[in-house]
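Numbering (this note's numbering), first residue to last: 1 to 223.
If you're looking for bench data, these hints aren't it; they were derived computationally from the structure. Don't take each hint at face value.
As the list claims (entries may be wrong) - Pair ranges (Cβ atoms, derived):
#	residue 1	residue 2	range
1	Trp151	Pro24	31 to 39 Å
2	Gly138	Met101	16 to 24 Å
3	Ala58	Gly206	22 to 30 Å
4	Ala84	Ser202	40 to 48 Å
5	Pro24	Gly206	34 to 42 Å
Said to hold, decoys possible - In silico DSSO-like links for lysine-lysine, alpha-carbon gap of 27 Å or less:
#	residue 1	residue 2
6	Lys173	Lys185
7	Lys173	Lys48
8	Lys110	Lys89
9	Lys38	Lys110
10	Lys173	Lys208
11	Lys38	Lys212
12	Lys215	Lys185
Using N, Cα and C, we set each Cβ at its ideal position, and we do this for glycine too.
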Amino acid sequence: MRVDEEKQAYVMLDIAPAILVYTPEELAARVRSVPSAKTLHIDIMDGKFVNNTTIGTAELQNLPADRQVEYHLMVSDPVGFIQALPGGKNRIFEVQLESVMEGDEGRIKKMVEAKGSKLAWVLNPPTPLSRLLPHLEGVHHVLLMTVNPGWAGQAYMGEVEEKMRQLRQLHPKLVIEIDGGVGPKTILHALKAGANRFAAASAVFGHKEPDKALKELERLQKD
1 MRVDEEKQAY VMLDIAPAIL VYTPEELAAR VRSVPSAKTL HIDIMDGKFV NNTTIGTAEL
61 QNLPADRQVE YHLMVSDPVG FIQALPGGKN RIFEVQLESV MEGDEGRIKK MVEAKGSKLA
121 WVLNPPTPLS RLLPHLEGVH HVLLMTVNPG WAGQAYMGEV EEKMRQLRQL HPKLVIEIDG
181 GVGPKTILHA LKAGANRFAA ASAVFGHKEP DKALKELERL QKD
(Lines of atoms letter the chains of each structure in order from A and count residues from 1; the text may use other names and numbers.)
(Lines give C-alpha, C1' and ligand atoms only; values in the text may rest on other atoms or scores of the structure.)
Protein backbone atom coordinates (compact mmCIF):
# COMPACT_ATOMS: atom_id res chain seq x y z
CA MET A 1 0.00 0.00 0.00
CA ARG A 2 1.39 3.40 -0.98
CA VAL A 3 1.68 6.13 1.66
CA ASP A 4 -1.04 8.26 0.04
CA GLU A 5 -3.39 5.26 -0.05
CA GLU A 6 -2.57 4.44 3.57
CA LYS A 7 -3.43 7.99 4.61
CA GLN A 8 -6.79 7.60 2.92
CA ALA A 9 -7.46 4.21 4.47
CA TYR A 10 -6.60 5.05 8.08
CA VAL A 11 -7.19 7.86 10.53
CA MET A 12 -4.81 8.45 13.45
CA LEU A 13 -6.67 9.10 16.70
CA ASP A 14 -6.09 10.35 20.23
CA ILE A 15 -7.37 7.54 22.47
CA ALA A 16 -7.26 7.50 26.28
CA PRO A 17 -7.95 4.08 27.83
CA ALA A 18 -10.74 4.59 30.39
CA ILE A 19 -10.08 2.78 33.67
CA LEU A 20 -13.06 2.06 35.93
CA VAL A 21 -11.92 -0.17 38.80
CA TYR A 22 -12.55 -0.85 42.47
CA THR A 23 -9.23 -2.02 43.94
CA PRO A 24 -5.56 -0.98 43.78
CA GLU A 25 -4.73 -4.37 42.26
CA GLU A 26 -7.20 -3.84 39.40
CA LEU A 27 -5.80 -0.36 38.82
CA ALA A 28 -2.21 -1.59 38.65
CA ALA A 29 -3.16 -4.40 36.27
CA ARG A 30 -5.02 -2.05 33.93
CA VAL A 31 -2.17 0.46 33.86
CA ARG A 32 0.36 -2.31 33.12
CA SER A 33 -1.82 -3.70 30.34
CA VAL A 34 -1.60 -0.53 28.19
CA PRO A 35 2.10 0.45 28.21
CA SER A 36 1.77 2.38 24.95
CA ALA A 37 -1.01 4.66 26.24
CA LYS A 38 0.00 8.31 26.22
CA THR A 39 -2.95 9.27 28.43
CA LEU A 40 -4.80 7.32 31.13
CA HIS A 41 -8.42 8.25 31.82
CA ILE A 42 -9.30 7.35 35.42
CA ASP A 43 -12.98 7.19 36.38
CA ILE A 44 -13.56 8.34 39.96
CA MET A 45 -17.05 7.88 41.46
CA ASP A 46 -18.20 8.56 45.01
CA GLY A 47 -21.55 6.73 45.04
CA LYS A 48 -23.39 10.04 45.38
CA PHE A 49 -23.08 11.87 42.08
CA VAL A 50 -23.60 8.51 40.35
CA ASN A 51 -24.83 5.18 41.70
CA ASN A 52 -21.41 3.53 41.71
CA THR A 53 -18.27 3.78 43.85
CA THR A 54 -14.78 3.23 42.44
CA ILE A 55 -11.27 3.58 43.80
CA GLY A 56 -10.71 6.90 45.55
CA THR A 57 -7.98 9.41 46.16
CA ALA A 58 -5.90 7.17 48.44
CA GLU A 59 -5.37 4.59 45.69
CA LEU A 60 -4.38 7.21 43.10
CA GLN A 61 -1.35 8.73 44.76
CA ASN A 62 1.29 6.77 42.83
CA LEU A 63 0.27 6.72 39.20
CA PRO A 64 3.20 6.98 36.74
CA ALA A 65 4.43 10.58 36.76
CA ASP A 66 5.61 10.36 33.16
CA ARG A 67 2.14 9.57 31.82
CA GLN A 68 -0.63 12.07 31.32
CA VAL A 69 -3.59 11.25 33.55
CA GLU A 70 -7.16 12.50 33.31
CA TYR A 71 -9.06 12.32 36.60
CA HIS A 72 -12.73 12.12 35.61
CA LEU A 73 -14.45 13.33 38.78
CA MET A 74 -17.98 11.93 38.89
CA VAL A 75 -18.37 13.12 42.47
CA SER A 76 -20.66 15.41 44.44
CA ASP A 77 -17.76 17.36 46.01
CA PRO A 78 -15.16 18.05 43.32
CA VAL A 79 -13.33 20.53 45.55
CA GLY A 80 -12.42 17.84 48.09
CA PHE A 81 -11.19 15.48 45.39
CA ILE A 82 -9.15 18.18 43.67
CA GLN A 83 -7.46 18.95 46.98
CA ALA A 84 -6.72 15.28 47.72
CA LEU A 85 -5.44 14.12 44.32
CA PRO A 86 -1.83 14.60 43.14
CA GLY A 87 -1.33 17.48 40.74
CA GLY A 88 1.42 18.40 38.31
CA LYS A 89 1.81 19.24 34.66
CA ASN A 90 0.77 15.74 33.52
CA ARG A 91 -2.53 15.79 35.40
CA ILE A 92 -5.89 16.95 34.03
CA PHE A 93 -8.90 17.34 36.29
CA GLU A 94 -12.13 16.61 34.39
CA VAL A 95 -14.92 18.17 36.43
CA GLN A 96 -18.62 17.57 35.86
CA LEU A 97 -20.34 20.94 35.50
CA GLU A 98 -23.45 19.40 37.04
CA SER A 99 -21.51 19.09 40.32
CA VAL A 100 -20.43 22.75 40.34
CA MET A 101 -22.63 25.56 41.63
CA GLU A 102 -23.09 28.29 39.03
CA GLY A 103 -20.66 31.06 39.85
CA ASP A 104 -18.12 28.66 41.36
CA GLU A 105 -16.43 27.73 38.08
CA GLY A 106 -13.65 30.31 38.47
CA ARG A 107 -12.72 29.02 41.93
CA ILE A 108 -12.50 25.45 40.62
CA LYS A 109 -10.24 26.58 37.77
CA LYS A 110 -7.91 28.45 40.14
CA MET A 111 -7.68 25.43 42.44
CA VAL A 112 -6.64 23.18 39.57
CA GLU A 113 -4.13 25.68 38.20
CA ALA A 114 -2.62 26.12 41.69
CA LYS A 115 -1.71 22.42 41.57
CA GLY A 116 0.15 22.99 38.29
CA SER A 117 -2.55 21.01 36.47
CA LYS A 118 -5.09 21.57 33.73
CA LEU A 119 -8.89 21.74 33.86
CA ALA A 120 -11.47 20.15 31.57
CA TRP A 121 -15.22 20.57 31.92
CA VAL A 122 -17.54 17.58 31.53
CA LEU A 123 -21.14 17.73 30.34
CA ASN A 124 -23.73 14.97 30.72
CA PRO A 125 -26.11 14.16 27.83
CA PRO A 126 -29.14 16.07 29.21
CA THR A 127 -27.18 19.21 30.14
CA PRO A 128 -27.41 22.01 27.54
CA LEU A 129 -24.33 23.59 25.98
CA SER A 130 -25.40 26.91 27.47
CA ARG A 131 -24.14 25.64 30.84
CA LEU A 132 -20.67 25.18 29.35
CA LEU A 133 -20.12 27.98 26.85
CA PRO A 134 -19.36 30.86 29.27
CA HIS A 135 -16.56 28.86 30.94
CA LEU A 136 -14.26 27.72 28.13
CA GLU A 137 -11.44 30.22 28.48
CA GLY A 138 -8.21 28.52 29.50
CA VAL A 139 -9.56 24.97 29.69
CA HIS A 140 -7.51 22.08 28.32
CA HIS A 141 -10.50 20.37 26.70
CA VAL A 142 -14.19 19.59 26.99
CA LEU A 143 -15.53 16.10 27.64
CA LEU A 144 -19.00 15.33 26.32
CA MET A 145 -20.53 12.23 27.86
CA THR A 146 -22.14 9.97 25.27
CA VAL A 147 -23.73 7.82 27.98
CA ASN A 148 -25.23 8.68 31.34
CA PRO A 149 -22.25 8.29 33.69
CA GLY A 150 -21.84 5.52 36.22
CA TRP A 151 -21.13 2.24 34.45
CA ALA A 152 -18.94 0.95 31.63
CA GLY A 153 -20.41 -0.93 28.68
CA GLN A 154 -23.40 1.34 27.98
CA ALA A 155 -24.67 2.06 24.47
CA TYR A 156 -23.47 5.19 22.69
CA MET A 157 -26.03 8.03 22.59
CA GLY A 158 -25.90 9.36 19.04
CA GLU A 159 -28.03 12.38 19.88
CA VAL A 160 -25.01 13.94 21.60
CA GLU A 161 -23.45 14.38 18.14
CA GLU A 162 -25.55 17.52 17.68
CA LYS A 163 -23.72 19.04 20.66
CA MET A 164 -20.41 18.04 19.08
CA ARG A 165 -21.36 19.77 15.84
CA GLN A 166 -22.51 22.94 17.57
CA LEU A 167 -19.46 23.11 19.81
CA ARG A 168 -17.08 22.49 16.89
CA GLN A 169 -18.73 25.26 14.86
CA LEU A 170 -18.39 27.70 17.75
CA HIS A 171 -14.85 26.66 18.70
CA PRO A 172 -12.93 25.19 15.73
CA LYS A 173 -9.69 24.65 17.69
CA LEU A 174 -11.19 23.21 20.88
CA VAL A 175 -10.27 19.68 21.94
CA ILE A 176 -13.58 17.81 22.25
CA GLU A 177 -13.36 14.45 23.97
CA ILE A 178 -16.18 11.94 24.22
CA ASP A 179 -16.70 9.16 26.74
CA GLY A 180 -19.24 6.34 26.59
CA GLY A 181 -19.92 3.57 24.11
CA VAL A 182 -16.70 4.39 22.27
CA GLY A 183 -15.69 1.82 19.64
CA PRO A 184 -14.61 1.71 15.99
CA LYS A 185 -18.02 2.57 14.50
CA THR A 186 -19.04 5.20 17.04
CA ILE A 187 -15.62 6.86 16.85
CA LEU A 188 -16.07 7.48 13.13
CA HIS A 189 -19.54 8.97 13.68
CA ALA A 190 -18.27 11.22 16.48
CA LEU A 191 -15.21 12.22 14.47
CA LYS A 192 -17.43 13.47 11.65
CA ALA A 193 -19.52 15.39 14.18
CA GLY A 194 -16.49 17.20 15.59
CA ALA A 195 -14.95 15.08 18.35
CA ASN A 196 -11.16 14.68 18.24
CA ARG A 197 -10.31 12.80 21.45
CA PHE A 198 -11.82 9.56 22.77
CA ALA A 199 -11.96 7.78 26.14
CA ALA A 200 -12.41 4.06 25.50
CA ALA A 201 -13.13 1.44 28.16
CA SER A 202 -14.69 -1.78 26.86
CA ALA A 203 -13.19 -1.28 23.39
CA VAL A 204 -9.74 -1.56 24.98
CA PHE A 205 -10.08 -3.61 28.16
CA GLY A 206 -12.72 -5.95 26.77
CA HIS A 207 -9.98 -7.60 24.69
CA LYS A 208 -7.42 -10.21 25.74
CA GLU A 209 -4.64 -7.89 24.57
CA PRO A 210 -5.67 -4.37 25.63
CA ASP A 211 -2.57 -2.65 24.28
CA LYS A 212 -3.05 -4.23 20.87
CA ALA A 213 -6.71 -3.14 20.89
CA LEU A 214 -5.62 0.39 21.84
CA LYS A 215 -3.15 0.58 18.97
CA GLU A 216 -5.80 -0.64 16.53
CA LEU A 217 -8.18 2.10 17.71
CA GLU A 218 -5.45 4.73 17.43
CA ARG A 219 -4.90 3.73 13.80
CA LEU A 220 -8.48 3.14 12.85
CA GLN A 221 -9.47 1.95 9.41
CA LYS A 222 -12.00 4.19 7.71
CA ASP A 223 -15.29 2.87 6.36
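Violations among the numbered hints: 1, 4, 5, 7, 10
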